[in-house]
Amino acid sequence: MRMDDSLSDIAAEFETELVENQPDPIPGPSSEKPAVKPKISTKTHCLLVNPKQRGNPLLKSVRNVPWEYDDIVPDYQMGQTTCALFLSLRYHNLNPDYIHERLKRLGHLYQLRVLLVQVDIQDPHHALKNLTRICILADLTLILAWSPEEAGKIIETYKIYENKPADSIRERNASSPYLNLIQVLTTVKPINKTDAMTLLNRFKTLEGIIKASEYQLSECPGMGPRKAKKLYTVLHEKFCK
1 MRMDDSLSDI
11 AAEFETELVE
21 NQPDPIPGPS
31 SEKPAVKPKI
41 STKTHCLLVN
51 PKQRGNPLLK
61 SVRNVPWEYD
71 DIVPDYQMGQ
81 TTCALFLSLR
91 YHNLNPDYIH
101 ERLKRLGHLY
111 QLRVLLVQVD
121 IQDPHHALKN
131 LTRICILADL
141 TLILAWSPEE
151 AGKIIETYKI
161 YENKPADSIR
171 ERNASSPYLN
181 LIQVLTTVKP
191 INKTDAMTLL
201 NRFKTLEGII
211 KASEYQLSEC
221 PGMGPRKAKK
231 LYTVLHEKFC
241 K
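Taking the UniProt record's numbering, the leading residue of the sequence shown gets 1, the next gets one more, and so forth.
Just to be clear, a hint being listed does not mean it is correct.
[Claimed, not checked] Straight line, CA to CA, 20 Å or less: simulated SDA-like cross-link-like pairs of lysine to any residue:
no., residue 1, residue 2
1, 230, 219
2, 60, 214
3, 60, 230
4, 129, 144
5, 104, 82
6, 164, 129
7, 238, 178
Source of the hints: derived by calculation from the structure; they are not laboratory data.
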């Protein structure tokens with residue numbers, strides 16, 4: 001199955017699905033008690049994890065934010081308006097109805113709803129195309145991860161930036177010290193602009209980055225051991241006389 005279908009082609013396919021999947025009319029008054037609507041947890045001090053995610057390897061990579069189990073509808077609640085459902089493609093192929101049942105329970109809760117998919121099969125194209133359809137229809141943001149470690153860092157990053165201002169993505173004066181520092185850091189391969197911004201947000205100054213240990217550098221979202229080792233080595237090399 002090819003992945004280069006145009007958006008218009010996919011949208012055309014959705015028209016039939018949208019008609020066929022219209023919700024049934026709401027029944028009139030009855031003696032039955034209405035179902036209790038799920039509530040969003042008001043806890044904001046930590047990442048909330050559905051107990052059903054116990055044992056998921058991605059949790060081992062969530063080290064920079066506190067987390068705890070809570071009775072929530074999604075798999076992860078990164079904020080009062082943000083949540084994530086986790087789905088392994090291998091599990092999805094074996095249980096294709098699972099994601100539909102989860103979305104039924106989720107309903108219209110949360111403003112930003114992420115479907116975090118771990119790509120753990122050799123040929124993911126067909127499955128990803130179907131999940132893309134589901135995400136468009138259900139107003140989900142599809143994010144892919146190729147390992148449990150990467151999936152954990154994605155969840156962690158959402159929580160870290162939950163209440164951050166938009167300063168890091170605003171346009172800045174070309175001669176600002178901030179941009180100059182980013183340019184300096186990106187001269188170290190393979191550090192990119194996103195890595196540089198993450199480092200400055202975490203350690204605040206170039207001095208703070210230099211004083212950080214190799215392990216602390218590797219803990220920054222998107223860095224990892226390889227980038228951290230390279231940056232640490234460059235920052236602590238002796239200058240030629």
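Comparing the hints with the structure gives:
With a CA separation close to 14 Å, the supplied pair residue 230 and residue 219 stays within the 20 Å bound. For the hint linking residue 60 to residue 214, the alpha-carbon distance of about 19 Å falls within 20 Å, and the restraint holds. For the suggested pair residue 60 and residue 230, the alpha carbons sit about 24 Å apart, so the restraint of at most 20 Å is broken. Distance check on the hinted pair: residue 129 and residue 144 sit about 12 Å apart at the alpha-carbon level, within 20 Å; holds.
Straight-line distance between C-alpha atoms of residue 104 and residue 82 comes to about 17 Å, which keeps the hinted pair within the 20 Å bound. Simply put, residue 164 and residue 129 have alpha-carbon atoms about 33 Å apart, too far for the 20 Å limit, and the pair is violated. Taking the CA atoms of residue 238 and residue 178, the gap is about 25 Å. The hint is violated against a cut of 20 Å.
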